[in-house]
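Chemist: Going line by line, the protein sequences match chains A and B.
For the first sequence, position 262 (counting from the first letter as 1) is numbered 262 according to UniProt numbering, and the numbering increases by one without interruption.
For the second sequence, position 331 (counting from the first letter as 1) is numbered 331 according to UniProt numbering, and the numbering increases by one without interruption.
In short, the hints are calculated from the structure, not lab data.
Treat the hints loosely; a few may be bogus.
As the list claims (entries may be wrong) - Quick list of simulated restraints, FRET-style, between CB atoms:
hint : chain 1 : residue 1 : chain 2 : residue 2 : range
1    : A       : VAL82     : B       : ASP236    : 46 to 52 Å
2    : A       : VAL82     : B       : GLN87     : 33 to 39 Å
3    : B       : ASN238    : A       : PRO220    : 54 to 60 Å
4    : A       : VAL58     : B       : ASN238    : 22 to 28 Å
Said to hold, decoys possible - A partial selection of chain B residues facing chain A, derived with a Cβ cut-off under 10 Å:
hint : residue
5    : VAL258
6    : ILE263
7    : PRO266
Unchecked claim - With a Cα cut of at most 16 Å, we get these calculated EDC-like pairs of lysine to aspartate or glutamate:
hint : chain 1 : residue 1 : chain 2 : residue 2
8    : B       : LYS199    : A       : ASP134
9    : B       : LYS409    : A       : ASP64
10   : B       : LYS377    : B       : ASP359
11   : B       : LYS274    : B       : ASP297
12   : B       : LYS232    : B       : ASP146
13   : B       : LYS274    : A       : ASP135
14   : B       : LYS417    : A       : GLU63
15   : B       : LYS417    : A       : ASP64
16   : B       : LYS336    : B       : ASP121
17   : B       : LYS199    : B       : ASP267
18   : B       : LYS232    : B       : ASP141
19   : B       : LYS274    : A       : ASP134
20   : B       : LYS97     : B       : ASP327
21   : B       : LYS97     : B       : ASP120
22   : B       : LYS424    : B       : ASP236
23   : B       : LYS336    : B       : GLU66
24   : B       : LYS96     : B       : ASP327
25   : B       : LYS336    : B       : ASP146
26   : B       : LYS148    : B       : ASP121
27   : B       : LYS199    : A       : ASP135
28   : B       : LYS367    : B       : ASP297
We treat Cβ as the ideally placed atom computed from N, Cα and C, and that holds for glycine.
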Amino acid sequence: MHGRIRTWGPGALVLLPTVLLLGYFVYGLIAWTFNTSLTDKHNARPVPTKHVGFENYVNLFGEDRFLNSLKNLGVLTVAFIVGTLIFGVLWALLLEKGVTGEGVFRSIFLFPMAVSMIASGVVWGWLLNPSQGDDARGLNRLFALLHLNFLENPWWTAGSRWTTMASIALPAVWQLSGYIMALFLAGFRGIPPELREAARVDGASEFKLYRYVLFPQLSPIALSALIILGHMSLKLFDLIYAITGPNQFRTEVPSVYMWNTLLRSDMAKAAGIAIVLLAVVAVLVIPYVAYTVRQESEE
Amino acid sequence: MRGGLSKTFAVMGAVGLLAVSACGNSNDNSGGGGSSASKDVTVFTWWADGGEKAGLDGLVSTFNTECKDYKFVNSAVAGGAGSNAKQVLANDLAAKKPPSTFQAHAGAELGDYIKNGQVDDVSDLYKEFGLDQAFPKSLLDNLTVDGKIYSVPANVHRANVVWANPTVLKKAGLDATKAPATVDAWIADLEKLKAAGVKAPLATSKGFAQEMVMEVVLLAELGPDKFTGLWKGETDANGADVTAALTKYQKLLSYSNVDRDAIDWPDALGYVNKGQAGYTVMGDWVAAQQLADKVPDSAYTYWPAPGTAGNFQFLADSFTLPTGGQDPDGAKCWLKVVGSADGQKAFNTKKGSIPARSDAVPTDYPKYQQSAMADWKSNKIVPSCAHGAACSLGQNDSILSAISQFSGKPDVATLQKALATAIKSS
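With the hints as constraints, model all of the structure from the sequences given.
Modeler: Right, here's the structure in full:
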C-alpha cells in the first residue's frame, strides 16, 4: 500500500492544485452559471430568487434578437472557417512547393496572429468604412486607387446577412490564416520524402500526388484546424465589439448579446445565453476530444 | 510527504486569495481602517480624460479647499458613456463594497439603483445645503422618485440641439440664423441641400446619435407632454402619431451619410465642420469639442432641433450616496461641493455643460453655455432616453438594438413594435 502511494502520490500532488482550481473556477462556475440561468434573477436586487425551470431558455428561443444573433453566428462561423482554410492551405501549398526566403514569408503570414483581436478590430473598423466613390476610405479607397472599383461595397453596414457577417469574418481570416498555414506546413513536412519519391516513381502526376498521397495524411491536421477555428469563431467577441460597437443588431452574435444583457443586470438571461453558447461549443469540441482519445488508445 | 501537502495547500490558498482580491479592486482602501485611510473619499466616475477629466479636476480642487478633513481618491474607469464603468460598479455594488459616491445619470437610469436598494435618500441634504431653493423646480420634479431624491446633479446637458454649417446652408439658399419651424420644413431644407450637391445633408453616427435624431423628431411631433409620457408608458407607443413621427425619422435618415453605422459623433461633427454636411444632431458637449478643436465661433451655428424650440431636453450627471458606503460624512461633503455654486462653476466651465443651479452667473461661461442657461430657466424641461434621464439601461439597450436594425433595413412597423416592447420592459 505504502509503496503504491510512492508511485502515484507525487504525480497526484503535482496535479492536485490544478485539478482543484479548474474544478472550482471552471466546472464549479459552469454549474453556478447553469443554476443562475434557471432562476428569475433579472436585476441586481438582492432579493431571494426562485427557480423557474427552463423559462429563460424558452423566452430566449422565442426572441427575434436572440435567433438573429444565432443565425449571425452560424454565417460568421462558416465564412470564417472556409475563408481561413482556403487561404491557410493555399499559402502552405505555395511554401511547400519551395520558395526562396521561406522564413520571411512564414513570418509575414504568421505575423497577424501576434496582434490582439481588439487592436486589429479597431484598425479593421476603419478599413471597413462603407463610404464609396469620392468619399471612399479604408479598403474601398484602396480598391479605387487600384481601379478595382467594382470591389467597393458597404461591408457590414448594408446588404444581406452573408455580406455582413463575411465582412466581419474578413479580419479574423486575415488574422488566423497564417496559423492554419503553419499547421499544414508542419503536416506536409512531417510526411516522409520516400512516399513522394515512391509516388513519382510510380508515375503519379503532381495533382494525383497531392490528391491521393499527401492530403489523406493531413486529415488529422484538418480536423484540428476545423475544431480550433470553429470554437474560436463561436467565442468571437472582441473583434466584433471593436468593429461595430455594442447594440448593433446586424452583427450581434450571442457573445455580444450576452455582454449587453449583463450590462442591464439581467443575470438569469445572460447566464442562459452563456449556457447555450457553451452547448454549441461542446457540440464542436466533444467529438474532437472523443476522436483524440480513440486515436491515443489505438496507439 | 505531509510537509509537501500542507505547502501545496498553502500555495493554493495564496492563489485563491489573489484571485478573490483581484475581483473587487476599485476600492483601494477596503482593508485599511487606519486613521488616515478612513478619511479617504473614493469617487467613482467614468471621467478619465478630455473635458470630462478637466471638469472632475475642477471639482476636486474645490473639494480640497472645502473639505480639508478628507482626501479625494480617484476611482475613474475609462470608457465612453460609462460602458465599462457601469459593469465594474455593478460588481462592486453586488459585492457590497460600494465607493463613497458614484456617478450616475439622473432620472430613470438612476431608477435601477433605487429599485435595487443601492442608493440612499438624500432629500435631507437638499434642505441642509439649500439645494431645494437653488435648483429649478422642473429639475427637482424630474429628480424626485416617490417623494424622495437620490442624487445631486453636477451639471445639465442639452440633447435637442442641431449644429449647422452656415456656409453650406447659405450655398443652398437657406437661412442659417433661424431653425426651420417644423420637421417637415427641415426635410424640405435637407432636400434643397441635397439638390445643391451636399452629399450628406444630415450627418449622424452610430448608436445613440441616431437615437437622438429619433428622439428630437418624436419630441417635435408629439409635443413635450406626450413625449415625456411615451417613456412612462402613458402615451400609446403604438399610436398613429408615433407612426407618423417615425416615418419622418426614416425620411431624415435617408439624408444622412452612408457610413453612419461605422463612425462616432466627433466624425459626424467633422463632416459639418468640413462642409461635407449641413447639420448634425448632438448634445451640447459639441460646444466643448469645438473649443478643443479650435473651430471658431463663426464657423458653426446651433439652434434647438426643428419643432422643439421652447423645450430643453436634458440629461444630468449626478452623484449618489451609496447604501452602506464608507465614510458617509466625507461623501456628504463631496455632494455639498457638487451642488455648491463654486463646485458647479469649477466643473461646468471646463466640461462644456451648464450648472444645474439657477443662480449661476452667465458671464462666467462661454457663449454657447450662456444661451443654454437662458433656455434652461425659461424652457419646458423634458428628459432624454438616450442618456438615461427617461430610460433605464435595459430599455435603452433594446431601443439601441432596434435603431441599428432600422438603420440597416428601415421598416417603420418593426421599429415601432420594438420601441413599444422596449418601453414596457425594464
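Chemist: Mind checking the alpha carbons of LYS148 (chain B) and ASP121 (chain B) for me, to see if they're no more than 16 Å apart?
Modeler: holds, 6 Å
Chemist: State, for the Cβ atoms of VAL82 (chain A) and ASP236 (chain B), whether the hinted interval 46 to 52 Å holds or is violated.
Modeler: holds, 48 Å
Chemist: Can you confirm whether the C-alpha distance between LYS199 (chain B) and ASP267 (chain B) stays at or below 16 Å?
Modeler: holds, 15 Å
Chemist: Regarding VAL58 (chain A) and ASN238 (chain B), is the given constraint of 22 to 28 Å on their beta-carbon distance met?
Modeler: holds, 25 Å
Chemist: Decide if the proposed pair is consistent with the structure: LYS377 (chain B) and ASP359 (chain B), CA atoms, cutoff 16 Å inclusive.
Modeler: holds, 10 Å
Chemist: Would the hint on PRO266 (chain B) be counted as holding, given a Cβ-Cβ threshold of 10 Å to chain A?
Modeler: The hint is violated - PRO266 (chain B) has no Cβ within 10 Å of chain A, the shortest such distance being about 14 Å.
Chemist: Below or equal to 16 Å on CA atoms is what counts here, so check LYS199 (chain B) against ASP135 (chain A).
Modeler: Roughly 9 Å between the alpha carbons, so the hint for LYS199 (chain B) and ASP135 (chain A) holds.
Chemist: Assess, step by step, whether the Cα of LYS274 (chain B) is no farther than 16 Å from the Cα of ASP135 (chain A), and give holds or violated.
Modeler: holds, 13 Å
Chemist: Given the hint that LYS199 (chain B) pairs with ASP134 (chain A), test it: the Cα-Cα distance must not exceed 16 Å.
Modeler: holds, 10 Å
Chemist: Need the status of pair LYS417 (chain B), ASP64 (chain A): alpha-carbon distance at most 16 Å?
Modeler: Cα-Cα ~12 Å, so holds.
Chemist: Keeping to a limit of 16 Å between CA atoms, is the pair of LYS417 (chain B) and GLU63 (chain A) held or broken?
Modeler: holds, 13 Å
Chemist: Under the criterion that the straight-line Cα-Cα distance not exceed 16 Å, is the pair LYS232 (chain B), ASP146 (chain B) satisfied?
Modeler: The given pair, whose Cα atoms are some 14 Å apart, holds under the 16 Å limit.
Violated hints for the displayed structure, listed by number in ascending order: 7, 25.
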